[in-house]
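If you want the building blocks of each chain, they are given just below.
There are 2 protein chains.
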Amino acid sequence: MQFKNDLLLRAAKGEDIERYPVWLMRQAGRILPEYRAIRNSISGFKELVETPELAAEVTVQPVDLLGVDAAIIFSDILVIPEAMGLTYQMIEKKGPHFEKTIRNEDDLKKYGETNFDVEDRLGYVKEAIELTVKELNGRVPVIGFAGAPWTIFCYMVEGGGSKTFSNSRKLLYTNPTLAHDLLSRITDLTIRYLKMQIKAGANLVQVFDSWAGILGRDQYNEFGLKYMNRIADAIDEVPVTLFAKGAYASLPHLATSNCETIGLDWNMDPYTVREMVGEVKTLQGNLDPCALYASHQDVEKMTNSLLKSFKSKRHIVNLGHGVYPDIDPDKVRTFIKTVKSYEL
Amino acid sequence: MQFKNDLLLRAAKGEDIERYPVWLMRQAGRILPEYRAIRNSISGFKELVETPELAAEVTVQPVDLLGVDAAIIFSDILVIPEAMGLTYQMIEKKGPHFEKTIRNEDDLKKYGETNFDVEDRLGYVKEAIELTVKELNGRVPVIGFAGAPWTIFCYMVEGGGSKTFSNSRKLLYTNPTLAHDLLSRITDLTIRYLKMQIKAGANLVQVFDSWAGILGRDQYNEFGLKYMNRIADAIDEVPVTLFAKGAYASLPHLATSNCETIGLDWNMDPYTVREMVGEVKTLQGNLDPCALYASHQDVEKMTNSLLKSFKSKRHIVNLGHGVYPDIDPDKVRTFIKTVKSYEL
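These protein sequence lines map, in sequence, to chains A and B.
What the first sequence shows, in the working numbering, is residues 1 to 344, in sequence order.
What the second sequence shows, in the working numbering, is residues 1 to 344, in sequence order.
Worth double-checking, as some hints may not be accurate.
For identical chains, the list gives no copy identity; a pair is met inside one copy or between any two copies.
Capping the alpha-carbon separation at 25 Å, the derived lysine-lysine pairs in DSS-like fashion look like this [what the hints assert, rightly or not]:
1. 13 to 331
2. 163 to 100
3. 126 to 301
4. 109 to 301
5. 163 to 93
Everything labelled a hint here was simulated from the structure, so no lab data went into it.
Since the structure is predicted, the reported quantities are computational estimates derived from the model, not experimental observations.
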């Protein structure tokens with residue numbers, strides 16, 4: 001595919017760029033009135049995820065309405081446990097809830113199935129990407145994504161969010177064999193799922209490890225990073241971005257991973273991380289999503305100050321976490337405009 | 001006071017010790033059937049906090065029942081916002097909930113009062129400590145505590161727990177003057193509160209910054225550590241422990257603080273932290289609380305391995321977070337026994 005704007009891909013690969021590319025995690029979502037109009041016209045969040053025409057429409061919205069340099073497919077990381085047999089409900093203001101969980105070998109037998117055709121169960125994501133690619137017609141690249149095995153594992157064991165994720169972490173001590181078995185299954189399915197996305201037209205894939213930060217370095221390396229690495233090793237069709245939120249102590253290990261880009265949360269200092277990982281990786285991030293509550297003038301100032309802290313061209317600009325739903329879209333526009341007008 | 005066992009205080013001050021002292025965050029609490037019996041005999045958690053005889057009784061329980069080297073007064077960090085006029089309810093399985101919050105100057109006028117006699121409103125904590133000291137009769141030291149200003153600020157602004165604490169963090173961008181005003185008030189009151197605890201007999205005080213990890217380094221230094229330091233500077237009667245959970249990047253700054261001991265969460269590697277802070281501070285922690293779900297044999301092994309990683313005597317052994325309520329007390333005993341029999 002020839003792109004009108006392929007800054008994202010060039011930055012990911014470490015090629016020359018004329019300015020930093022910029023996009024936002026959760027850019028397709030509740031900050032846009034145009035998204036909320038579609039969301040309110042249907043029964044729920046999951047219907048939106050599972051209806052390719054609508055998923056594609058909200059995926060393209062921020063390209064038109066905000067001017068970002070990439071579209072990220074509108075979907076949910078929890079489609080993977082669902083495909084394995086663990087259905088969930090998305091409860092407004094509370095988050096996901098799973099009726100059943102995996103805590104022992106019997107549960108794993110019942111809800112750990114991965115021996116199926118991924119297109120059969122997740123074909124709606126393939127269709128949504130194909131429609132998005134068609135609609136975008138080369139304007140910007142499309143980002144596919146999946147949850148990291150450790151994060152998906154946490155949801156499958158815990159059954160939802162948690163303050164401590166102590167059930168998930170307990171398994172690592174009481175039954176590491178079961179934990180590795182489940183993590184391996186999630187990993188294998190995730191690789192097939194991402195390859196399906198790439199075949200459908202995703203030009204880069206990002207793996208989100210939202211709960212990386214609840215493990216210490218050694219445990220994260222064993223139960224988290226190991227499986228992220230397996231994914232990065234398996235994907236050679238397109239650049240891969242690994243985002244391990246809160247895994248500060250594992251950054252030097254991430255630097256040796258087979259990925260092109262490392263995502264930084266807003267607590268990670270880009271300068272320090274650059275010192276740690278060197279020039280071999282692109283860094284993505286990491287303005288504090290709360291910074292967008294500030295005045296336009298301050299958003300501009302903080303964005304410029306972030307960009308000035310970069311000591312290399314190997315950067316993709318983003319927030320350090322998903323944009324919060326009550327942020328004024330005009331503040332997002334100021335953020336994007338500032339990045340676009342910053343001279344390299 | 002002459003102690004039969006003053007290991008905790010000697011370790012905190014960097015004096016010689018014959019073995020590492022050990023205690024557990026949340027040791028007075030739901031893991032003990034003897035605690036649950038008392039808790040079930042009354043109306044709720046807050047009644048327990050506010051009844052000195054009962055608070056003292058559950059404070060002493062783990063000294064008798066687990067053999068820890070220190071008692072920590074049974075109380076709650078949220079007594080501070082309550083004293084300032086923001087009452088809260090402790091909702092079973094959900095955590096604290098405040099009816100009112102502080103989001104603007106008007107709120108601060110209404111719920112930010114600190115101009116009162118601390119003994120008038122928090123005298124029950126003083127009495128609980130006095131009773132504890134009497135009951136312990138010098139067997140082990142008593143630890144007093146308070147929440148760090150940043151963590152208390154989060155509860156007062158948010159009104160409870162949160163996944164993102166975006167309301168609290170928003171204020172840092174939109175109204176830093178208000179934020180500093182509230183943080184200063186909390187700090188002043190906390191200093192008076194801790195001095196009351198010391199007068200009542202607390203031999204060491206610990207300041208808990210549970211939400212330190214949601215801020216990046218620079219913001220934590222400005223809105224978090226600054227006020228922790230102010231407390232450490234004001235307390236010279238007894239050793240001070242600062243516990244900034246998740247504030248990995250601020251550890252070098254903590255090393256210059258006027259405290260004796262730095263608490264480590266279970267994600268921080270003691271060896272790395274020792275390299276960062278040097279020999280000037282005692283380190284406290286940091287076995288993963290989930291490790292106590294493992295077998296007795298594994299608990300012993302992991303505890304020994306933690307102790308072997310210490311390159312100095314300046315350590316107080318603890319978990320890296322509060323003990324989880326469903327942990328078998330016998331596993332805690334194995335942890336404690338292993339520490340006590342470890343030869344220095």
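Outcome of the hint check:
Taking CA atoms no more than 25 Å apart as the test, residue 13 paired with residue 331 passes in neither setting, with 29 Å inside one copy and 50 Å between copies. Both within a single protomer and between protomers do residue 163 and residue 100 lie at most 25 Å apart by alpha-carbon distance, with minima of 19 Å and 23 Å respectively. With identical chains, the CA atoms of residue 126 and residue 301 are never at most 25 Å apart, being 40 Å at best within one copy and 48 Å at best between copies. Taking identical chains as interchangeable, the C-alpha atoms of residue 109 and residue 301 are never at most 25 Å apart, the minima being 54 Å within one chain and 31 Å between chains.
Taking CA atoms no more than 25 Å apart as the test, residue 163 paired with residue 93 passes in both settings, with 16 Å inside one copy and 11 Å between copies.
Violated hints, in rising order: 1, 3, 4; the structure is consistent with all others.
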